[in-house]
Structures are given as structure tokens and as C-alpha cells.
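Chain residues, written in single-letter form:
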Amino acid sequence: MLTLLGVAVVVVGFAVRLNPLLVVVLAAFVTGWAAGLSPVEVLAAFGKAFNTNRYVSATYLILPVIGLAERAGLQERARTLIGRLKGVSVGPLLIVYLLFRQLTAALGLTPIAGQAQTIRPMVAPMAEAAAEAHAGALDAATRQDVRAMAAATDNIGLFFGEDIFIAIGSVLLMVGFLATSGIVIDPIHLSLWAIPTAVVAFAIHAGRLILFDRRLRKRAAA
Amino acid sequence: MIGLSVVYGLAGLVFAAFALLSAPDRTNRKRFGNVLFWGLVATSFLAGDCLGDLGNGVLVLGLVLIAGTGQLGRGQPATTSPDERKALAARFGERLFIPALILPVVVAFGVLVLTPMRLAEGPLLDPKQATLISLALAAVIATGVGLISLRQPLLSPLQEGRRLVDTVGWAALLPQMLAALGAIFALAGVGQAIGALVTAWIPMDARLTAVAVYCLGMAGFTLVMGNAFAAFPVLMAGVGLPILIGKFHGDPAVVASIGMLSGFCGTLMTPLAANFNLVPAALLELPDRYAVIKAQIPTALPLLIANMVLMYVLAFR
Chain B
1102 MLTLLGVAVV VVGFAVRLNP LLVVVLAAFV TGWAAGLSPV EVLAAFGKAF
1152 NTNRYVSATY LILPVIGLAE RAGLQERART LIGRLKGVSV GPLLIVYLLF
1202 RQLTAALGLT PIAGQAQTIR PMVAPMAEAA AEAHAGALDA ATRQDVRAMA
1252 AATDNIGLFF GEDIFIAIGS VLLMVGFLAT SGIVIDPIHL SLWAIPTAVV
1302 AFAIHAGRLI LFDRRLRKRA AA
Chain V
80 MIGLSVVYGL AGLVFAAFAL LSAPDRTNRK RFGNVLFWGL VATSFLAGDC
130 LGDLGNGVLV LGLVLIAGTG QLGRGQPATT SPDERKALAA RFGERLFIPA
180 LILPVVVAFG VLVLTPMRLA EGPLLDPKQA TLISLALAAV IATGVGLISL
230 RQPLLSPLQE GRRLVDTVGW AALLPQMLAA LGAIFALAGV GQAIGALVTA
280 WIPMDARLTA VAVYCLGMAG FTLVMGNAFA AFPVLMAGVG LPILIGKFHG
330 DPAVVASIGM LSGFCGTLMT PLAANFNLVP AALLELPDRY AVIKAQIPTA
380 LPLLIANMVL MYVLAFR
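The listed protein sequences derive, respectively, from chains B and V.
Here the numbering used here is used: the first residue of the first sequence is 1102, the next is one more, and so on.
Here the numbering used here is used: the first residue of the second sequence is 80, the next is one more, and so on.
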């Protein structure tokens, strides 16, 4: 049971908003100590795992081109585009994006969109402009809500689309794990059974986006 | 074969540029913290394999020390003003979308066309990392096209990249750090300990309780581990295989698939899934670090309940 102390460190550390990097290292040392490892052994194991997981941070390679396009006015252009589509409201806009993200992820095209690629430079400014068109200038809290909702829509579309693709990491993990337990399964079955949840996820989030849209209008009218 | 080493080399050079360009930036009082922090990241990418395990561990301590003591500032490289951007946007028009559209097109090309291609000595791209390699290739091509078609200064991609990476700050490294923590958890057997706890204390005589324990377990476990991949083997071995599939004869495909998707509901609610939940909040410059999570919870909870209903109905046909 002592090994669970590390989990407790993470939960408490994040709850009291300590610097998360500090929390992570602290949790690693506590967990290692509970498992009977010396601090040096923990440091080496952590360093090794940090090194093998560099691919996680390699995705920041797209930041330069996004910044470049922003420097030349991409966010502003995305806003004007929405201004020209008269009547497009933030709810329907994000619903279309949700559908796009789910469908492309289901085809295995997960990296064609994302928080840095599409949300920050295009979708969030478009959503803000669409909200402004109906609700006038946004106060700081509303602006944060709109941006956060755009980011949430990307994650939800990605998570509940990607498992429909047969060669995605999670599907391969399931096939592999079941195989070691003596259950041989064709990945296509796992993909097919991801569809019901994908449909429900779309319905729930699209419904929330419509309510979100209404709430913004009411806030503006009040 | 083109593998990860090419991508790491490129990433190392880009982070080294972020570090070097931070040095003369007098708008940032803590600029030397930034030089050190991004310099260490560059070192990790360029020389991580030569540092040894302990060397990498010390490098991590350095990163944590700089970030934890608040020595990382935010650079403000010279850039276009809001009014200039409006004027440029009007001048370039739809051309501005070209670099952003090149990204998905090249990634799709890489995944669909380049990945199956083979040279005499083997595949052209390392099949395990094909998407990341495609993404790196797309970033290089899009930057080149953007520089020319939008007529921007040669250094501007690196300066603007530095602005964005400083906006994200230490949170940029959090996903990789959490992945490493996951490895320590696995080493110490944290997953098995939680799994044992769940299965020992909750009676699962009824099919409904078993489905609920399994789905809630996937979500809850993902919540504390930050990753549904870590939760799956534990819950599948503890509840899925022996009880849902063994005792109640559930369809393994349904149990596995909907179980994983229940885990994803947990991913939407945890700060430990930093790349999805915390990095975007920083990228969008939201004052509340947890704003994205708060926006996701009202979708995640009903969806989790829906998953339990779906599994109960579909797995035992």
C-alpha cells in the first residue's frame, strides 16, 4: 500500500497548485522510496524514462510555423472570415469542428488538427468572433469560456474519433494485451464497438454547445 | 530508414535557437533562466542518448530547479503590432491559410503515402513513428512556404516559435515528465496495488456492479495516472477478464473497447493529461490553468454513464 503514497503526492500537489514539474519529481522519489529504491536509482530510472519519452515534446516543432502565420495576421484573418459568414454562431461553428475532428480522427488522421495547429491560430479566434457577432464585445470571463470550449471540443472530437481507426495506439494496446491473455481478436471489432460511444459523445457535446450558445446570447441580452 | 533521430536532431536545433535568441532579449528580466531551461531541453534532444541514465536524471533536476524556483520568464520578441496584423491580414487574404493547410496535407501524405513506401533495405520511414516524422516534415515544409509566400523575415519563425513556447512555459515539458513518472509508477507496481485494492473491497456478484466498477475504475484510474493506457491492463486483468468476460461471458471486443473509452472520459477530467488539458490553457493564455478541464467535465460525466449503459446492453447480447 505504501507504493500509493506517490499518487497521493500527485493529487495533493496538483490540488494546492504547486509547480507541477516539482510535484512530478517529488512523486517519483516518494514512489521509488516506497518501492525500496535508493534516490540515485530513482533519478537514473526517471532520467532513462524522460529520455525515451522525448517524442512527446518533439511535437513543439510546429510552433515556429504557427507563430510565423500569426505574425502575418492569421488570427485576424480567421476572425474576418467568420464576420463574412453572417449569422454563423459559436455553437454551430464548434459543432462542425467537432464532427470534422471525429471523422478525420476515425480515418487515422489525428495529427492534422490540434491545440497548437488549429485551435490557437484559427478555431478559437473564429469562435470568439462568432460570439462577438451575436453578443457584442466579450468580457474577460466570457472570452475565457469561449476559448476553453474550443479547446475542449478538439479533445473530445479527437478522443472519441481515434479509436474507430484500427491502427491507433490504444487499439493496438488492447489487441496485444488480450492476445497475451489468450483472447485473439481482430482489431476491426474493437474499432466497430467504438462507434456507439462516438455517436453518444457527439450528441452530448453538440447538445452542450447549443446550450452554451444560448447562454452567451442571454448573457448579452441581460 | 528515416527514424526518430532526425526528428530529435531538428527539435534540438530549434530549442537551441530558442535558448540563444532568449539571451539578448531585454524585455525578459529572467532571460538567463530561459536560456538555461531551453538549452537543457536542446541538450536532451541532441545528446540525450550519450548522457547516460543518471546524466539524464540530473538534467531533469536542472529543469525542475529552474521552473520550480520561478526562474523561467516570458520573452517578448519584436513582432508586428495588432494594427499591422490587421493590415497584413487584409493584404494577404486567404493566402494566410496556406501554411496552416500545408500541415495537414503533408501529414496525411506522410501517413498514407510515404509510410507504406519501402526502399531496398527496408521501410522509408520508421513505421512506429511515422506520424511524428510526417509532422516534423510538414512543419519544415510549411515554414519554408510560409516564409516565402508571406514574405516574413528569415528569423521570424524561430522568434515567433520562442514567443509561443515562452507562453506555454514550463508546462511544455509537463507531458514528457508525466510520461516518465508513469514509468516509475510501473516500476513500483502502483497499478497492481490499486487494482488489488479495488477487487478486494468491492463485491461484484451482479453483472451491473461489475460493469460499473470496471468503467468507473477505468475513468478513476486514468484520473490519477493521467493515461488510459496505464489503466487498461490493470482493470482488464482485475475485473474485465475474470469477471465480465470469464464469469458473465461478455463480448471481449465490447468490454475492451468501451472500457478504453471510459478511460478517455477520465483523461478529459485530469490535470495529469497535461498535453490535452494544461498546455492548451497556456497556449490560449487562459488565466485559469484548469479552465479546459472545467469545460470538459460536463461532457465527460454523462458520457461515462452512457458508456456503462452501452456496455451493459451491448456486451451481453
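Certain hints may be false.
Derived Cβ-Cβ restraints for the label pairs, each shown as a range [what the hints assert, rightly or not]:
1) 162/V with 1240/B: 35 to 45 Å
2) 155/V with 1197/B: 27 to 37 Å
3) 1119/B with 80/V: 23 to 33 Å
4) 1109/B with 172/V: 52 to 62 Å
5) 369/V with 1109/B: 12 to 22 Å
6) 1137/B with 103/V: 43 to 53 Å
By construction, these hints were calculated from the structure, which means they are not laboratory data.
Computed from a predicted structure; not experimentally measured.
Cβ coordinates follow ideal geometry from the N, Cα and C atoms, glycine included.
Comparing the hints with the structure gives:
Checked against the hint of 35 to 45 Å, the pair residue 162/V and residue 1240/B fails, with Cβ atoms roughly 23 Å apart. Evaluation of the 27 to 37 Å hint for residue 155/V and residue 1197/B yields a pass: the beta carbon distance comes to about 35 Å. For residue 1119/B and residue 80/V, the hinted distance range of 23 to 33 Å is not satisfied, since their beta carbons lie about 43 Å from each other. Evaluation of the 52 to 62 Å hint for residue 1109/B and residue 172/V yields a pass: the beta carbon distance comes to about 55 Å.
Here the CB-CB span from residue 369/V to residue 1109/B is close to 20 Å, well matched to the stated 12 to 22 Å. Checked against the hint of 43 to 53 Å, the C-beta distance between residue 1137/B and residue 103/V comes to roughly 49 Å, which is consistent with it.
Comparing the model with each numbered hint stated earlier shows that hints 1, 3 do not hold.
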